[in-house]
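Make a model of the complete structure from these sequences and hints.
Below are the chains, spelled out letter by letter.
Protein chains: 2
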Amino acid sequence: MRYLQYIGLALPLMMVISATAAPSIQSEPIQPLSKPLIKNPAMVELGKKLFFEPRLSKSGFISCNSCHNLATGGSDNLTSSIGDHWQQGPIRSPTVLNSSLNVAQFWDGRAKSLQEQASGPIANPKEMASNHVLALDVLRSIPAYVNEFDKVFGHKQISMQEVTRAIAAFEETLVTPDSHFDQWLKGNKKALNTQELRGYQTFKTAGCVACHNGPAVGGNSFQKMGLVAPYQTSNPAQGRAGVTGKDADRMAFKVPSLRNVALRAPYFHDAGAPTLEAAVTTMGQLQLGRSFSQQEVGDIVAFLHTLTGQQPRIVLPILPASSNNTPRPTPFN
Amino acid sequence: MRYLQYIGLALPLMMVISATAAPSIQSEPIQPLSKPLIKNPAMVELGKKLFFEPRLSKSGFISCNSCHNLATGGSDNLTSSIGDHWQQGPIRSPTVLNSSLNVAQFWDGRAKSLQEQASGPIANPKEMASNHVLALDVLRSIPAYVNEFDKVFGHKQISMQEVTRAIAAFEETLVTPDSHFDQWLKGNKKALNTQELRGYQTFKTAGCVACHNGPAVGGNSFQKMGLVAPYQTSNPAQGRAGVTGKDADRMAFKVPSLRNVALRAPYFHDAGAPTLEAAVTTMGQLQLGRSFSQQEVGDIVAFLHTLTGQQPRIVLPILPASSNNTPRPTPFN
Numbered sequence: 001m002r003y004l005q006y007i008g009l010a011l012p013l014m015m016v017i018s019a020t021a022a023p024s025i026q027s028e029p030i031q032p033l034s035k036p037l038i039k040n041p042a043m044v045e046l047g048k049k050l051f052f053e054p055r056l057s058k059s060g061f062i063s064c065n066s067c068h069n070l071a072t073g074g075s076d077n078l079t080s081s082i083g084d085h086w087q088q089g090p091i092r093s094p095t096v097l098n099s100s101l102n103v104a105q106f107w108d109g110r111a112k113s114l115q116e117q118a119s120g121p122i123a124n125p126k127e128m129a130s131n132h133v134l135a136l137d138v139l140r141s142i143p144a145y146v147n148e149f150d151k152v153f154g155h156k157q158i159s160m161q162e163v164t165r166a167i168a169a170f171e172e173t174l175v176t177p178d179s180h181f182d183q184w185l186k187g188n189k190k191a192l193n194t195q196e197l198r199g200y201q202t203f204k205t206a207g208c209v210a211c212h213n214g215p216a217v218g219g220n221s222f223q224k225m226g227l228v229a230p231y232q233t234s235n236p237a238q239g240r241a242g243v244t245g246k247d248a249d250r251m252a253f254k255v256p257s258l259r260n261v262a263l264r265a266p267y268f269h270d271a272g273a274p275t276l277e278a279a280v281t282t283m284g285q286l287q288l289g290r291s292f293s294q295q296e297v298g299d300i301v302a303f304l305h306t307l308t309g310q311q312p313r314i315v316l317p318i319l320p321a322s323s324n325n326t327p328r329p330t331p332f333n
Numbered sequence: 001m002r003y004l005q006y007i008g009l010a011l012p013l014m015m016v017i018s019a020t021a022a023p024s025i026q027s028e029p030i031q032p033l034s035k036p037l038i039k040n041p042a043m044v045e046l047g048k049k050l051f052f053e054p055r056l057s058k059s060g061f062i063s064c065n066s067c068h069n070l071a072t073g074g075s076d077n078l079t080s081s082i083g084d085h086w087q088q089g090p091i092r093s094p095t096v097l098n099s100s101l102n103v104a105q106f107w108d109g110r111a112k113s114l115q116e117q118a119s120g121p122i123a124n125p126k127e128m129a130s131n132h133v134l135a136l137d138v139l140r141s142i143p144a145y146v147n148e149f150d151k152v153f154g155h156k157q158i159s160m161q162e163v164t165r166a167i168a169a170f171e172e173t174l175v176t177p178d179s180h181f182d183q184w185l186k187g188n189k190k191a192l193n194t195q196e197l198r199g200y201q202t203f204k205t206a207g208c209v210a211c212h213n214g215p216a217v218g219g220n221s222f223q224k225m226g227l228v229a230p231y232q233t234s235n236p237a238q239g240r241a242g243v244t245g246k247d248a249d250r251m252a253f254k255v256p257s258l259r260n261v262a263l264r265a266p267y268f269h270d271a272g273a274p275t276l277e278a279a280v281t282t283m284g285q286l287q288l289g290r291s292f293s294q295q296e297v298g299d300i301v302a303f304l305h306t307l308t309g310q311q312p313r314i315v316l317p318i319l320p321a322s323s324n325n326t327p328r329p330t331p332f333n
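Protein sequences appear in the order of chains H and D.
Sequential numbering of the first sequence, starting at 1, is according to the numbering used here.
Sequential numbering of the second sequence, starting at 1, is according to the numbering used here.
Treat the hints as calculated values from the structure; they're not laboratory data.
Incorrect hints may have been included.
Here are some of the chain D residues that sit facing chain H, going by a computed Cβ distance under 10 Å [said to hold, decoys possible]:
#1 54
#2 308
#3 324
Small disclaimer: the values here were computed from a predicted structure and weren't measured.
Note that CB positions come from ideal geometry on N, CA and C, so glycine has one too.
Shown next, in the form of structure tokens:
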């Protein structure tokens, strides 16, 4: 959607500047990321606290950052996440970086927005295993939180509405601009070396760019995993079909953004590809019906490394202390 | 030891300034914390990465910061820590804040230094559950780490010696100066209110200060838990006796620092006291043979709140990506 809108805007521009010879941003299917605009710093700061808040979980041990670790590319980089009581999650956790650019949240897009997404894991018995009543009781019992919600929202009644809005406001700031590729897009032709450029050309000509396009290099559509040949996996996830109920959506997953993809092996919703090389090879075979040569794989992987941008600089929040009335975590029952 | 050394220095000073009427730092049994001197910023930065590094655990999920969370007072504030496969730890995790001031590390003092301490949890099957061979294999497989160790230590051979030295260097910076009480000690008589001052007087006259003294307000000696009357607990920890083998050391634990104590309920090695009020009451009964009145408890608790200092401002490290050769985490086997 965003990409289509962009094209709508870009076409007239392209005609205006078509006289210039060098490739321009407008002629590329990928656009550079912009630094996030922070509209409400106080809300972002509160959202950051909540993102790092382990007391939103039943155990007092798991926070949003546990599975979307901002020290490691916004994800846990495990084959599947670890939830309350060490339960194995059903799927590989997606990165929170640049997630505001996604058409929807979760691999199956079942949450329309970051705000809608944020309430899910808190109450999921396999993830943070709390519930919204308990999570709100915890926050309401901590005077510093009550005051901070008041400052941000103008009232002291904390509901999940405010909690998830603040978390989403923080997550919207987690954008990673200024990758080598973005520098190249903006006109610094030395930002990519020959192999990286060759990789980008192959990425375009082979058709990867059909799904991985736009500012996030993906994230803006759902596609069937295993288009040309079926994807072999023991993971039972059926993707988009679970949301739409349509058989045609079976194995349709959100196309992941390739921004910072080099930071977060393993790949795919089932973590079936341990390396970028394996992921590129499989994608070529199953989505494009094409066996990439070893050199092509190496070139594309070199290009993908240029999508690693400037990671957000996060000052760890100092969370307010529990009061005597704060419900205590119960990790072992 | 540190405290005794300090007294040795302080006594001559006290004589020099004894003519001044106002209470001076030198006449108090607690001294203000100083800002940490950072001798080797590159080593501290590397140590910070390692402190937040989940790949030092078998699961790829647990880092030093999991149980010594710098967002929550340097500890997890659970009754006992959560280790690999959600194993319940034997004891309440001590805070890493101001831990450089401790006479020794762990509740039973079995590690002489922060450096010695740091290697323990990585290989403890109930904690991070890795082993030193695997942890080093992980670090050695990541080129950015190899380069950073080279920059800091002048060679590319990474051993546990360098790993733990860097972690300790980071931990040494985790000091919390400038509490209200420190401001008061330094001469700002408005920094404490009447109740807080009364609490401090009771803290001194009742004898709490016999163990909780020095810059860390504790941390500099081992004392029997249950001096006047035995401490009732289902926790099997026997304290210092496990290290010295002496029956006399049974139930002797390191006196915890009371710096920032208001941030980290529950209290005691077994987390037996859910609130500061409960902890003060129990300490009075079992260590001093004294039943504090409700007002005395309230006063002492008010004083203890003034020991919350300036928390270290930690910029979350951006950890280098795994390479294709990095051993992958194995959280579920």
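Verification of the hints:
1. 54: 7 Å, holds
2. 308: 8 Å, holds
3. 324: With Cβ-Cβ at 5 Å, under 10 Å, it holds.
When each numbered hint is compared with the structure, no violation occurs for any of them.
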